[in-house]
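So the protein sequences, as listed, match chains A and B.
So in the numbering used here, spot 234 of the first sequence is number 234, and the numbers just go up one at a time.
So in the numbering used here, spot 333 of the second sequence is number 605, and the numbers just go up one at a time.
In short, the hints are calculated from the structure, not lab data.
Here the structure is a predicted model, which is why all the values come from computation and not from measurement.
Mixed in with the good hints, there may be bad ones.
Claimed, not checked - Simulated pairs of lysine-lysine, DSS-like, Cα-Cα distance not exceeding 27 Å:
1) B:LYS301 to B:LYS398
2) B:LYS398 to A:LYS155
3) A:LYS200 to A:LYS72
4) B:LYS806 to B:LYS622
5) A:LYS80 to B:LYS301
6) A:LYS233 to A:LYS200
7) A:LYS24 to B:LYS832
8) B:LYS832 to B:LYS398
9) B:LYS832 to B:LYS806
10) A:LYS77 to B:LYS301
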Amino acid sequence: MKTGVTECIFEARNLNYTYPGNIKALSGLSLTIMTGELVALLGANGSGKSTLLKLLDGLVFPSSGELLAFGKPLSEKALKDGSFVMEFRRNVGLVFQDPDVQLFSPTVWDEVTFGPLQLGIPRDEIVGRAMEVLELLNIGHLRDRPPYRLSSGEKKKVSLASVLSLHPQVLLLDEPTTGLDPWSQGNLIDFLMRWSEEGKTLVFSTQDLDVVEEVASRIIVLGTDHGLVADGKPEQFLADPDFLLRTNLVHEHSHRHQELVHRHRHFHEHQH
Amino acid sequence: MHIPDGYLSPATAGTMYAASVPFWYVATKQVRRTLTNRTVPVLALFAAFSFVLMMFNVPLPGGTTGHAVGGTLLAIIVGPWAAVLGISVVLGIQALFFGDGGILALGANCFNMAIVLPLAGYFIYKVLAGDSEANSSRRLLAAVAGSYIAINIAALLTGIELGIQPTLFHTADGTPLYAPYNMNKALPAMMGGHLLVAGPIEALVTGLVFAYLQRSSFDLIATEAPKKGGGKLWLLWGALSLVALATPLGLLASGTAWGEWGSGELKDLGLNFIPNGLKRFEGWWPAPIPDYGWSRMGATIGYLLSAFIGIALVAFLAWVIGRRLIRKTAGESAPSESPPKMKSESFLSKNISHITQALESVLFSEDLGRAPGLLQGLDPRVKVVTLLLFIVIVSLARSLPILACIFFMVMVLSILSKVPLGFFLKRVLLFIPIFTAVIAIPALFITPGDALVIVGDKVIITEQGARTAGFLVLRVLDSLSLGVLLILTTPWDSLLRALRWLRLPALFVAILGMTYRYIFLLLHAVNNMFLARKSRTVGSLSGAENRRWLARALTTTLAKSHHLSEEVYLAMLSRGYRGEVVTLDNFSLRRRDFFWGIFAVVIAAIILWRSNL
Chain A
1 MKTGVTECIF EARNLNYTYP GNIKALSGLS LTIMTGELVA LLGANGSGKS
51 TLLKLLDGLV FPSSGELLAF GKPLSEKALK DGSFVMEFRR NVGLVFQDPD
101 VQLFSPTVWD EVTFGPLQLG IPRDEIVGRA MEVLELLNIG HLRDRPPYRL
151 SSGEKKKVSL ASVLSLHPQV LLLDEPTTGL DPWSQGNLID FLMRWSEEGK
201 TLVFSTQDLD VVEEVASRII VLGTDHGLVA DGKPEQFLAD PDFLLRTNLV
251 HEHSHRHQEL VHRHRHFHEH QH
Chain B
273 MHIPDGYLSP ATAGTMYAAS VPFWYVATKQ VRRTLTNRTV PVLALFAAFS
323 FVLMMFNVPL PGGTTGHAVG GTLLAIIVGP WAAVLGISVV LGIQALFFGD
373 GGILALGANC FNMAIVLPLA GYFIYKVLAG DSEANSSRRL LAAVAGSYIA
423 INIAALLTGI ELGIQPTLFH TADGTPLYAP YNMNKALPAM MGGHLLVAGP
473 IEALVTGLVF AYLQRSSFDL IATEAPKKGG GKLWLLWGAL SLVALATPLG
523 LLASGTAWGE WGSGELKDLG LNFIPNGLKR FEGWWPAPIP DYGWSRMGAT
573 IGYLLSAFIG IALVAFLAWV IGRRLIRKTA GESAPSESPP KMKSESFLSK
623 NISHITQALE SVLFSEDLGR APGLLQGLDP RVKVVTLLLF IVIVSLARSL
673 PILACIFFMV MVLSILSKVP LGFFLKRVLL FIPIFTAVIA IPALFITPGD
723 ALVIVGDKVI ITEQGARTAG FLVLRVLDSL SLGVLLILTT PWDSLLRALR
773 WLRLPALFVA ILGMTYRYIF LLLHAVNNMF LARKSRTVGS LSGAENRRWL
823 ARALTTTLAK SHHLSEEVYL AMLSRGYRGE VVTLDNFSLR RRDFFWGIFA
873 VVIAAIILWR SNL
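Chain B on its own, in the form it takes in the complex:
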């Protein structure tokens, strides 16, 4: 659900930042009121925990794996507003260090996953849990349902943000400038995956950890004094049906977008357009993965089906978790079930290598940041501002050759900064641009426009289709490589200083810094847990056993984070911390900073001037 840069227009990205700011403001106020001086350590440690949570590969029944966001879980444990700030910090770190989500798109990603998700999840949880006991299965069910619904609401928002792009932002000849698929394709693509895969994972992780917390003595699930007229169980089913029914509404609403370049219009252009050729696919619904809504009717059915399968899955999960919970409290041992076997070896190794890789890559980046080189020698403020300027320019530029030139320029800069090109390209190209290229392929064929490739008498690829695919891939590549270049040539502490100078609230920067620091500690601890487990495991374990172990590992990590946050707070207090972050920042601008600044502004101006001709 992390939107990379290049998918959203600068206008959308800006709007989403603007939409997020009031929530951040309220969240900061709320959190400082409840946590007072503890704000920084508590948020930092729980953010570090949710970062770790997002890195875990969870084995799903059926043998696949995926990872959770944990937004609802965090909201239940630390409160919704603290979760808003915590997950925002995590998304910021992911965008900066792992290119997971764009820097311009961070506003949108935070709005979807760090604001709407925890708030919605918490609200649903509260309503459904009502005044039930802390260790009741109803509360567990509420957490599971809340997390499932909330992640789907977030996915819906993401789909909408992506879906409005081609309608609102295209060139005069109809080439979409950013995400090329409109509502009736973006929504099913987003919702299908989340109703069926990501949603159940989120629900599973939330349910497992929550159930574990209920049974253990950790006093982390806050229950308020029983209130009269609390939620009712039917609300659960009401809310679930609402999600199932409301999602296709997005489809209906997008009817106009579809009509905008419907087949009639295209026939007027004298083109025998692809959708005609694709009509034969119409009978194919429900497809296993409802990705591209070729026909509205088919998409609607696909939607409903996805929704109901997903909900059935979640209901089943809730039932299984609940049953196990009851059995455990009754003191019985679980009889061996026969869930789909999956190799524990691969599951453990996958997690271990995943975590180790992340740690190593960050450590290597850090060495590069302190090594001599062109960009390393610049003042971090100048570097942050100019590289951000380039990222904005990339999102504004409307010329493919210029976007290609920018990528070339970034490569030259990375060579001049003595960043090994192979490492740089691997870091940039792997995953997100490849993923984007795959996403862009259908756009070649389905974007209406002038013929580019004709097979027989049919237009296969349109000029507009080729260009929109090019825009998407190049923009993603450019922004990502600029972000990677920044992080590879700037030590983390310098970056934090620069962010403070850019007027990011000191509280936020302090949380960001501390989160990053404790992510390492928690990841090392988790890696040790995995290794210890591996050393004691012979043969393969069932998926269920792995899941149970994972729940224990996550809960232990959660308890560790909680304990650490309290101790760190005392350690800060001991050295005079009183809730205000005081920092020592000294920068010194040198001549090269001015030269670089002038160079960057000139380049940016030239790009803007040339690309809008």
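Excised from the complex, chain A in its bound form:
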């Protein structure tokens, strides 16, 4: 499962997903995600973004259609195979939208070591990795805290750390910037951009068009009918007000004053 330069990571053909009670979450979705892409997943509430991320992480399985990961089918049966599931989980990490779901261990340290421990990584290495990610996200001081004693921003960081300790090649994030203050948001974006520079793949869902503009090399937009409505370069779509309105990405009372916003990417270290 080596990830080459232009290798195909996910291939979905005509994916459908229906929740019990015949509630449709995704319909007729086809897409391909390549190594090194920075994909933003857009769409109105309930358009199926979270479901798609869970599908890509092999947590739920399509009702119909085909999904390949690293060229192999990603099915319930395939994930029963011990070596495949270990390899897959080490390579693909998902950060859930709600950190309270992600943080289930007694302390931050237990949380960060949870993944590597389950995946049979040698114990000495686990300690090293955990220290490294805590350092990387500047949360070393939270090490012994229980999750209910973290602020919501800290929770988001620990959630990310708990997945990064797996050293994944592909990072799936469900609304990573939601609920963060602007400063933390900026930090997170910088971090993700730096992280992805090493040929890693990033797929994140978001409601924030500014984040998309700053980070994404490609956008995938899901419509209210749970199907694909757009797939391509962000510039292609974000400049089209009609398109944005149609897909519920903006409200007609809010305008994007692109020309007024001065943006620059800041890659310096944050030592706060």
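Model the placement of chain B on the given structure of chain A, informed by the hints.
Just chain B now, with coordinates in the frame of chain A:
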């Protein structure tokens, strides 16, 4: 119904652990088969829910409040075996963090409330519900009856466990070493309260939540495919009558215990014993609270009366809930009734302050556990083992001065561990020891033995009576303070590690840890619900309105727990969880751990040697 340490002899406590282990084993097997990899998150979230449920003060018709166990409700929702494990976890957390129930007595408490209660409740529910529709009123009635009967069976068991203590465990001169009341006093005391108060609360909460679940779209009430020859409604009445009739059997069976120190025997001792003086109370039955069965005849009547009043109450509740259910489904709005008014303000504030207090106290303990101090500096394994050793020693010791010395020692240890003494004493003394002292008072007067206080020519207090009261109060105080000291000086995660090292199954420890973590989340959510309600409430609401709101809040919490358990499971799966809990435990023993260990063993040996002289 939570038995604190000090009420049961170590032999009884050990036996009850031994009796519980096979059930835990079967429950684990069963649950892992049905829930497979979901075992940990599902049990943890539902255990957290039942913990929250037990914290709710429920307004009862008449203006009093109380809390439910929810064992039958949980068994109906998650299945009986999952309920066994879930409630066991809750009882463990309550014993450790809130001193609610003893650590040695945990086996007995689990047997009564986490094993017998949900299994019996579920069985009765199943039999009575038969193949009825998921939203039928018969199923609701089955849940209500099941919960009422089951909690009373659990109370009966508790009464028996307490009642055998004085007969089996006493000193040569007849001083009871543990719970001082024998069967004919322990049983009525337990049963009276449960038939009349705790039972109706349990039935009420079960009925309200169940009815709410029936009406809502939550797919939580599992109904199996209709089976032929299911239960019949008459079984409900049969079972109810059985409980009513069977409870006094305990009384008859205890005749020998009574006879053991009956008045005849005492006259042989040349004592004009109290029961003679108490004979004048005999005509007083039925007393409002049938607590101490002065006379067997009176107690029996009291029993039957309690049973029938309780059953009538439950039948009434079931009828009211059922009627409201039917009315709601018919789309009518309930006309305003005139139940006993109770201030919604006090009800809401009571719950809010109760929950906030619990959260704050735990958070404060956590800070103490990580602060520097004598016990904080010790390896958690050494600490757990030595403090458990002391708790066992407390239950074995047979000398009052030594029991007093142990309490003194614990206070010194808490000072050396920089635990604020005021906080420590408040935490230890409040409620359980005071409650125990109240319970112990009658023992002063009714325990037969040598005269200690004589008024006129009557023996008022016997030496044995004074000593048995002393044993009970000191033992409760000692074990409780040792438990509190452990939890105040040990961070929760270290404690979990120590428990794993002590060979508690990793699955159990994982559930314990996760339950504790999500209790916080649910309590915060519930507290917000209470606050939101308070902010929108002007004036007072009726008890019925509060109860209806409570049912909604509980059901919302239940649905939240259910949803969270599924999401948490996916989050675990995503990071490579495959049903086996892998953990990273490293301990390092230092010189001080050895010194402390040696010190503890020496002290324990001295206590045992001195106290049995």
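Original post:
In ascending order, which of the hints set out earlier in this document are inconsistent with the structure?
Top reply: Going through the list in order, the structure violates hint 2 alone and respects the others.
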